[in-house]
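> From just these sequences and the hints, can you work out the full model?
One letter stands for each residue in the lines below.
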Amino acid sequence: MSSIGVDTGGTFTDLVYLRDDGQVEIAKRPSTPPNFSKGVLDVVEAVDKGRNVLSTLDCFYHGTTVATNAMINLNGVKIGFITTAGHRDALPIMRIIGRSAGRSEIDLKQYTYCDKPAPIVTKSLIKEVHERIDYKGRVVVPFNEDSARQAVKDLLVQGVEAIGVCFLWSFKHPLHERRMREIIEEMAPHIHISISSEIAPAVNEYERSATTAVNAYVAPLLTTYLTELTNALHENGLRSPLYVMQSMGGSMRAADAERRSVNTLASGPAGGVVATSFLGNLLGQKNIIAADVGGTSFDVGLVVDGKPIITSSSTVNQYTLLAPTIDIVSIGAGGGSIAWVDMDRLRVGPKSAGADPGPACYGRGGQDPTVTDADLVLGYIDPNYFLGGKFKLDRTLAEKAIEEKIARPLGMSVRDAASGIVEIVNQHMSDLIRKMTIERGYDPRDFVVYGFGGAGPLHSGAFGRELGVQEVIFPLGNISSAFSALGLAVSDVSTMTQQSDLTLAPFDPDKFTADFERLEKEAIEKLTAGGAKRSNVELKRVVELRYKGQVHQVDANVPAGKLTTAVLDGVIEEFEMRYEKLFGRGSGFREAGVELVTYRVIGSMHIQDASLKEAKIGSADSVPARIGKEMIYWREVGAEVETGIYGDGLKAGMLIEGPAIIRFDTTTGLIHPGQRAKIDGFGNVRITQG
Amino acid sequence: MAKSLLKIPGSGHFFSDGKRPDPKSISPKLKLFSYDETHKVDPITFEVVAHKLWQINDEQGQALKKISGSPVATDANDFNVVLCDELGDIINIGPYYLPHASNVDFMVKWTVVHRSDNPGINPDDMFLCNDPWVGALHPQDVAVLSPIFVGDELFAWTGSTIHEVDLGGVNVGSWCVDADNHFSEGMAYPPIKIVEAGNIRKDVEEVYLRRSRAPALVGLDLRAHIASNNVAKQRVLELIERYGAKTINVVMKKQMDYAEQRFRDRLREIPDGTWRCETYQEVAKSGDRGVYKTALAVTKKDDTLEFDFSGSDPNVGMINCTRAGAVGGSTVAILPLLCFDIPWALGGIHRALKFKTPVGTIINAEFPHGVSMGSIAGTWSATNAANNCVSRMLASAPDLQDRLLAGCVGSWTTVITSGLDNNKLPFVTMIMDCMAGGWGARTFADGVDTAGLMAAITGQCPNVETNEGFYPILYLYRRETKDSGGPGEFRGGMGATSCWIPHDTDGRSIELVVATFGQAFPTAFGVDGGYPANSSMFKMVRNSDVEKWFARGEIPTDLSSLNGEIEYLPVKCETLENPQDVFEHTWSGGGGYGDPLDRDPAKVLVDILNDAVSGKIAETVYGVVLREGSVDVAATEQKREQIRSERIGSNQVKSRAKNVTDRGARQISRHLVLNKENDVACSGCGRVHGSAAKNYKLSLVRKDNHIQQANPLLVDPKLFIDPEMQFRQYFCPSCATQVETEVILASSEPVWDKQLSVK
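Protein chains in written order, with the numbering used here: chain R, 1 to 690; chain S, 1001 to 1759.
Incorrect hints may appear among the rest.
To give a feel for the contact side, a few chain S residues facing chain R, derived at Cβ under 7 Å [as the list claims (entries may be wrong)]: (1) I1044; (2) V1048; (3) R1403.
Covered, in the sense of this in silico footprint (three residues per stretch, anywhere, with C-beta under 8 Å from a C-beta of chain S), are these stretches of chain R [what the hints assert, rightly or not]: (4) 120–128; (5) 132–145.
Don't read these hints as lab results, they were simulated from the structure. Glycine residues also receive a C-beta, built at the ideal position from the N, C-alpha and C atoms.
Here is the structure:
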């Protein structure tokens, strides 16, 4: 089996080519906004080298930011929205969390600069229809056809290109929304329609409305983009279908993207976590912290029991969306984070020099010292060997910036200042990981860290040690800088079906079974829509429960097949156990009773058997791979120490005693004093405390 | 409300002024960790530790939210967490409901003095306190305080506060609108040892829970307190073990010094002067019809800031707060407006602050005056006053003007519902819809519509489906309220309105307790010529014909379309909502900034299209004339000229040059400058209003309007109050610019709202 994953980022488009012999090739080309498909074709050409690779592929996967960009730049299509009479403002009110969702505490304290995002649909384009369903799904006011037709007419007059529909409690009683869709189809046959009972049939009208509106807002753009890209790839010889990455970590057929565009939002960082769980399965590691250190952001996801942690909602441009998403926490920390002096304090971030002007050492006019400048001054990065030597860095400019802006004002040496900058950013990263794991009920010491992304191998050894994790790995060595794209190339096709139904325990096992069977049928239909065989489909039942009146909702797994009272008792037991694990002993509010919120079925279909080639373990002697020795300052020793420098010649089985620096083609890794690294058969650099 | 209260001898014992206690007043049994100022911490370690200390607060807050799970505490974020030094000075507060942290120092300071001897303060003890005179906002806000020891020396404190849904008293929800004094309210507990040597005191816990109508929920929150305090304590001890107690101590102390220094530097950016306001609450308890004043003068001198509440009315009814509430309420304005980029290490910031809170007033009530509405009455009114004065002060500092906010969410509209829920089980809850208050306008942009509360950095209002799923109600509508944002060059953000009927109650009624202020008149003020926002409002249509509407396939979206008379509920009352009764409540938006005649007419048109502004207000207040859906530019110009002429009663309206400030004058507000001769002058036309040594308002054209002119949503104030309130406008006599507005007692003199110090 062979596949390609292409990940379009803001600056670069990365490609991972997983050959049928298990070898991995990578390529990188600049992204080409606004016409992103050019960058995709460029990077394909770069890896192809005349082999006509496309025609041999079993799968082609793509991670696209077209929908995300439309949300960030607010340039989706003009949409109309239809809702229950009296509730037009649910979307603009945003439950007020639209002002704070996804924002840092630093931003939130700037009251006069803390707005809601600009609306994706203005009030004059939101129309109300007389109809009403209650919490039990009973019709209180029947669907009023006249007001429905009037609403559509009002929107069409204003020239909308897509319409979203969300009625109160529609997930309990979808007939009104379906009738609404028929009316729109009849009045405007070619317009895109998103209805909430299909897009996100879950309780909470603001989030359901937002998800539906956002889907309508981005779907026409994404559909056009994917159609064009598919055509171009097919013209270039691709025979397999095109698959698109979703934020939940699985992919979907490009042909399904129209109805599920919202699922591609926030899919950018998902690839890294998928790659982490894929590699973890190969290495037999079940609990992994996936740490992606880039130029401007630091993204952390968790793999627990071999699977990425998935949440049922995500935040995009301050909108809360009911789209299943790999749970990822980010802070603005990375190579571009700016160091500054604040009275007599040394601070790092949250401002970033970004890619332009970038760190001082880029020589593009950046005056502020950054983490990358500090890494350079300390000798970690070779100025002549950054990005494989394609880009020369200026060490003098880095020293000057640190000298003037940090060292002199604080009365310390340039070296101490640089080492302080790196220490602070490492500590911030370890603080974030700690917060991320503890908040989800886990202890970082039970995990291993995979440090990837352009600067992952530079920093993960330090924050991994700080956290006391069992092992730090630079996954696949040189591939670690494009590790996220590997996640695309190995992903399954996945989908989620759900149904909210607020019911107090004890539950009726027959109804439970019937509801799950319906969701399973729906999931299978979605997965096999393109004619795939259903034998490869894996279905997982999950039920979201809470103590009545309480805000925390916790997932519990439900066994397959026909359910009995005894089985459901076990589900509630699992819920109570997980609740206490997540929220602490004694936190369960049993007196209130247990309430069912949402049934979910997560379906995944395995469409290829990806495997990586494993090299034979050779000699432990790493001297042949050593390209030199340098005197490097290590903060933990407090002195300069002779440090081995290693290049791309590392082979399976080699052992490296820290301190050492590995200068891969596309990234640099640090092995700290007291650490020991071993290269395994996949090229992973596996670091343990000595 | 001239009902005299018995003075309780000795009640003065239960009073904390929030000042750092004299170590001599603390029992020698309690050893204190001593600060070694000479202990050096390098800048890198400092930064690393400071970040970890900040994160402790974050972890503590998360832990609390997790265990409590109550929608009041967690959805609305009506809680907070705090880290203090050994004597209670605040090092860090969480990003939740601000006054729940910013007054915990009062309690810690009282505790170290009065509990150090008997029963003693020992490692692994915790103290519970909800006594407003010791430091709570009102009895429903319960704090649990944990000392942190290094060896046998008291090193620091951590604490958490949660609003509890009911802690007893004469009315459900403990908002005791029918109480004559504190003895009918939820019981105030001075600091009691709830956890002793790591074990919860069952007897004390049961005394505490026995008072509540929702003991299980309150009990769960108590566990949240204890667990979250333990998280913070354990993390501090871990840091101590790793970096050494002296280092952690130095970082804590220097963090406060740093905040103090940055705050003093900030104050130096602002000219010296005094800024004043009067703000009001009406109806001191159910049945009352009075209006009560909170007066505040904020004086900035060099690098200090003084808040003087002298002139506030005597304590009355249940709308009072204590000193802690007044200080905590003021910090709601001080922290976001002045410390937006400074760590909220209040212990340091407080060193540059001074509060004068005369005893026996509504902002510093004497025991046993009623305080059950303290958090959303006296404290809220202190916030309104502080926001007012600080924002006007910022208007005079060129580099800080962009940080001012006109009045935000003038009041909280308490709605407590109780009865049987959808599973026929008893419930009592506070409806949190009015979290969606509007924020005030800024100097460069409109206020945020349905933004939140000024006191809560983060928070959310529930989904309609959440409330309908829990409680036996069905919403007819919930929407942003047209015309609720105060007009101005930049408009105030809109508040919203919710309306529901009982649903699925099998003929039973729902019990309602409602309480607010700012119903007869607005309390979210305008700045620099902006209008105030709307007022809060509770309305009921009894025995409505809503079922007939439903039967014919329609949902009423306006109370006035229903068959039945609209009953305006009193500002504070308890009532029943019967099955066919329609209940609506409206809450406050934000005030406007600048003269509405200066607003870009295109923005007014957008506001009309978005149902933010009515056609009537567009024409009469903004002077914008529309024709066929677009702005008629010529007619608008004409209309605005006409309004200006009417303002000053003359056709000779002077035009406004753009460069008045270039002649050496400095701006002190949107429409006023201080010129080189120390005269206050119009920034638009240059007219000299007179010496800065007297109230400039006295030389402006003053127009006294009926209060209903302040906002079109106001109803006849006689429904609620006896005293006459006025809406005043002040115009430049020469160019007719609206310089300021006032919502004020008719008997009050114009408030000298900005008095700059001149040599």
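> So, for every hint listed, does it hold in this structure?
Quick rundown of the hints versus the structure:
Taking 7 Å as the C-beta contact cut-off toward chain R, the hint placing S/I1044 at the interface holds, the least distance being around 4 Å. A least Cβ separation of about 5 Å between S/V1048 and chain R falls short of the 7 Å threshold, and the interface hint therefore holds. The criterion of a C-beta within 7 Å of any C-beta in chain R is met by S/R1403, whose closest approach is roughly 5 Å, and the hint holds. Counting residues of the region 120–128 of chain R whose CB lies closer than 8 Å to any CB of chain S gives 4, so the stated coverage by that chain holds, three being the minimum.
Check result for the region 132–145 of chain R against chain S: holds, 8 residues qualifying (beta carbon to beta carbon below 8 Å, three or more required).
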